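Participant: Top line first, the protein sequences correspond to chains F and L.
With the numbering used here, letter number 172 in the first sequence gets 661, and the count goes up by one each step, no holes.
With the numbering used here, letter number 344 in the second sequence gets 733, and the count goes up by one each step, no holes.
Check the hints yourself; a few may be wrong.
Said to hold, decoys possible - Lysine-lysine pairs mimicking DSSO-like chemistry, simulated, CA-CA at most 30 Å apart:
#, chain 1, residue 1, chain 2, residue 2
1, F, K676, L, K546
2, F, K710, L, K732
3, L, K513, F, K676
4, F, K676, F, K710
5, L, K513, F, K710
Hints listed in this document are in silico derivations from the structure and should not be mistaken for laboratory results.
All values reported here derive from a predicted model rather than from experimental measurement.
Residue strings, one per chain:
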Amino acid sequence: MPEARPSAMTNPLARLASANRGRQGLWLVPLVLAVLLAIALTLRTSQFLTSENLLNLVAQAMPLTITAIGQLFVILVGGLDLSVGSVISFTTAVLALGAPGYVLVPAVFLLAALIGLTNGFAVTRLNVHPIIATLAMQYIVLGITRVLRPVAGGTVPDVVIASVSGSFLGLPMPVYWGIVVIILACKLLYGSRFGLHLFAIGGGMAAGTEDAARNFGIATKRNIMLAYVACSCFAALAGVFLAGRIVSGDPNVGLLFELDAITAVAIGGTQLSGGIGSLHGTIIGSVVLALLSNGMNLLNVSPFVQTVIKGGILLFVIGLQSRKKMGL
Amino acid sequence: MASLIEMSNISKSFGGSLAVDRVSLALQPGSVHALMGENGAGKSTLMKILAGVHQPDSGEIFRNGQPIRFANPKEALDNGISTVFQELSLLPNLTIAENMFLGREPTTPSGRVDYRRMNAETRKALADLGLDLSPETLVSELSIAERQFVEIAHGIKADASVFILDEPTAALNSADVEVLNRHIRRLRDEGKAIVYISHRMEEIFQICDTVTVLKDGRLAGTKPLSEVTPASLIALMVGRELQDLFPPRGATAGDVVLQVDDFRIDAKGAPLSIRVCRGEIVALAGLEGQGQQKLLRALVGQFQPFSGTVRLKGEALSMPVPPGAGIRRLQAAGVAFIPEDRKEEGLFLTLPVAHNLAIGLHSRRPGLSLARNYARTIADTIRDLGIKAASPSVAANSLSGGNQQKVLLGRYLATKPEILLIEEPTRGVDVGAKSEIYRLLREFANGGGAVLVLSRETVELIGLCDRIYVMHDNTVVSELPAATATEHDILNAALSA
Chain F
490 MPEARPSAMT
500 NPLARLASAN
510 RGRQGLWLVP
520 LVLAVLLAIA
530 LTLRTSQFLT
540 SENLLNLVAQ
550 AMPLTITAIG
560 QLFVILVGGL
570 DLSVGSVISF
580 TTAVLALGAP
590 GYVLVPAVFL
600 LAALIGLTNG
610 FAVTRLNVHP
620 IIATLAMQYI
630 VLGITRVLRP
640 VAGGTVPDVV
650 IASVSGSFLG
660 LPMPVYWGIV
670 VIILACKLLY
680 GSRFGLHLFA
690 IGGGMAAGTE
700 DAARNFGIAT
710 KRNIMLAYVA
720 CSCFAALAGV
730 FLAGRIVSGD
740 PNVGLLFELD
750 AITAVAIGGT
760 QLSGGIGSLH
770 GTIIGSVVLA
780 LLSNGMNLLN
790 VSPFVQTVIK
800 GGILLFVIGL
810 QSRKKMGL
Chain L
390 MASLIEMSNI
400 SKSFGGSLAV
410 DRVSLALQPG
420 SVHALMGENG
430 AGKSTLMKIL
440 AGVHQPDSGE
450 IFRNGQPIRF
460 ANPKEALDNG
470 ISTVFQELSL
480 LPNLTIAENM
490 FLGREPTTPS
500 GRVDYRRMNA
510 ETRKALADLG
520 LDLSPETLVS
530 ELSIAERQFV
540 EIAHGIKADA
550 SVFILDEPTA
560 ALNSADVEVL
570 NRHIRRLRDE
580 GKAIVYISHR
590 MEEIFQICDT
600 VTVLKDGRLA
610 GTKPLSEVTP
620 ASLIALMVGR
630 ELQDLFPPRG
640 ATAGDVVLQV
650 DDFRIDAKGA
660 PLSIRVCRGE
670 IVALAGLEGQ
680 GQQKLLRALV
690 GQFQPFSGTV
700 RLKGEALSMP
710 VPPGAGIRRL
720 QAAGVAFIPE
730 DRKEEGLFLT
740 LPVAHNLAIG
750 LHSRRPGLSL
760 ARNYARTIAD
770 TIRDLGIKAA
780 SPSVAANSLS
790 GGNQQKVLLG
800 RYLATKPEIL
810 LIEEPTRGVD
820 VGAKSEIYRL
830 LREFANGGGA
840 VLVLSRETVE
850 LIGLCDRIYV
860 MHDNTVVSEL
870 PAATATEHDI
880 LNAALSA
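Let the hints inform the model, and build the full structure from the sequences given.
Facilitator: Shown next as structure tokens:
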């Protein structure tokens with residue numbers, strides 16, 4: 490029996506789909522939910538299943554998906570990053586400063602990495618609880634953003650706009666964004682030692698044996714810091730995408746993104762205690778949220794009611810999952 | 390023969406107490422070295438030092454004559470020392486292969502983790518041990534025995550020359566023990582040194598060549614196993630004189646106030662019965678984790694037993710006791726429960742002594758009633774128990790261990806209970822405080838109270854108590870009168886079961 494399947498493990502994409510399912514959390518529930526939503530919307534509205542709406546859906550879902558993937562890195566090591574919404578707004582504000590693209594684009598990632606590094610430092614070296622450390626960072630970055638750009642405005646470099654709104658080989662740019670982001674995240678999480686070490690650290694945290702991963706010689710603190718850096722950089726990437734779509738800097742564009750990102754990760758079956766979760770679950774979680782808002786817009790549901798429904802779905806999906814599935 | 394590992398004059402203390410005191414130990418290649426001693430004798434601490442978990446305060450470790458020092462278990466493993474601890478050290482959410490290679494994963498030229506190689510090598514390592522497991526199985530899906538075998542395979546894979554097995558058979562059934570012994574013999578024949586910590590005599594005599602006995606953190610002796618008998622080993626482990634710490638025993642026992650019958654701790658445990666009478670101090674003795682604590686905690690609802698009946702002062706207690714309301718309900722019936730860990734489970738360390746004492750009194754009254762002023766009771770308790778505190782308003786954590794323990798005891802004595810269930814009454818307190826606590830407990834019993842006490846310190850139980858129940862494997866295996874019992878008897882009863 491074991492002889493039959495050694496070939497499945499050769500590339501990260503195959504790993505993602507097979508083996509150690511117990512570590513991926515329960516992502517089947519949100520997948521079923523997403524499919525049901527799509528079917529219901531196809532039946533109820535004529536506009537849903539049009540190529541125009543579907544491409545629009547991809548573009549709408551993209552910033553949240555990117556942010557949620559970043560959040561996944563931090564949640565896997567038992568942390569949480571509340572500063573990502575501010576990082577998104579900050580990124581758009583910096584991009585709208587008027588300097589050329591080849592200066593601003595590297596600059597936003599550098600700044601995001603710095604923010605992530607500070608978060609990671611506070612959590613691992615100063616032992617500040619992740620919620621407090623990143624909440625503080627949320628305020629700090631939001632404040633700086635408002636100093637830079639009190640109200641929406643300015644223009645972002647053409648290269649940013651072109652990377653989001655154009656099309657290439659007949660496919661609109663957001664599709665390529667999706668492909669690149671997924672390959673990048675897949676490589677980091679499933680194709681590198683870094684990803685495996687994140688799972689190991691989170692697994693130890695969730696099992697109450699924080700030292701377990703360290704005992705294997707893993708640099709626990711450094712890896713947790715890097716998870717926060719990755720999270721911030723993904724948020725900056727989402728910020729670049731949004732800046733290209735709104736063509737300006739906006740201090741409020743990232744508002745509440747951190748909560749939506751955590752919602753998407755949680756709906757995707759990732760456990761907030763760490764060590765259990767998956768990339769595809771997170772993507773599915775983001776798609777569920779995007780389908781919900783897209784569908785309800787098509788059905789003319791008021792945005793206030795949409796929020797109520799979003800909360801209900803979160804509670805429902807998490808309630809269905811047994812939170813003590815793994816280990817002890 | 391040259392030693393593979395030599396530990397020389399190792400000392401290690403935690404807080405104020407010396408866990409390991411100038412112990413030396415030499416491990417020969419191709420031998421199985423038994424490490425024995427009572428609970429808390431320092432066996433595990435000594436091995437954790439060798440495994441890099443703890444760093445010694447003083448003393449040196451030599452490997453093939455070269456001094457070595459480990460900052461963490463990874464360094465120890467890199468130096469060829471592999472450990473199978475009692476507690477979990479594998480990561481449950483990773484596969485066997487990932488655990489095997491964690492921290493030194495092979496990568497492909499493109500920087501990817503080389504899962505194909507990891508799985509192939511793990512499959513081979515598992516097959517070498519005769520294990521029919523897929524390398525892609527998550528560790529959380531393995532049994533305890535399988536996890537231990539995986540840890541051994543981990544050590545073999547890392548090319549370790551020293552294997553430390555800390556009570557490896559505690560959770561194994563006899564078939565798995567046989568398999569384990571086979572692996573140990575094979576490792577020995579390959580010239581590895583094995584340290585084997587166990588309480589089971591027969592295993593020691595089956596598999597070991599040399600035995601080292603620790604006693605109170607000190608070396609009691611190292612001998613070839615051919616020169617010792619089980620009786621002489623036990624003598625070596627006990628060999629201590631009873632100090633004059635204990636108050637005289639009470640006169641006679643009164644009527645039965647706590648009666649436990651047909652009590653089964655879990656589905657596999659044999660039914661047990663115990664009783665405690667007025668004026669009596671009764672002990673639960675035995676090796677660690679043989680069900681003593683589960684039995685005690687089941688009475689207050691902190692553990693859900695399989696079945697059994699409990700009668701308090703002749704009245705049946707409805708079982709199981711609910712975990713939420715259990716302690717309060719028992720308190721209303723005159724039963725006080727004093728948990729083992731005063732820092733984690735007992736005291737509110739940052740609150741004043743007065744609050745800590747009065748909380749037991751407050752908790753007996755209805756939820757929304759106004760708090761009463763217990764200043765007089767508090768002052769009386771502090772005086773009666775001889776608690777040394779600058780004032781009742783100083784925080785509990787500013788007191789010494791012995792005084793903290795007395796505060797905890799005082800909290801429950803102030804509620805005037807009839808039955809006292811107490812775990813580890815003198816854990817981490819000095820000799821003077823010990824003797825005072827013994828006196829307080831005896832006074833309580835002489836005043837008509839009944840005490841059920843659990844302790845790891847056998848000497849304490851013999852000196853303090855009237856009767857001793859020895860537990861093994863979740864049931865009572867022996868009942869001894871404390872006046873004539875010896876440590877030897879108790880250890881014998883606990884081991885021979």
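Participant: For each hint, tell me whether it holds in the structure or not.
Facilitator: Tested hints:
no.	hint	in the structure
1	K676/F with K546/L	holds, 27 Å
2	K710/F with K732/L	holds, 28 Å
3	K513/L with K676/F	holds, 28 Å
4	K676/F with K710/F	holds, 21 Å
5	K513/L with K710/F	violated, 33 Å
Checked against the numbered hints given earlier, this structure breaks only hint 5.
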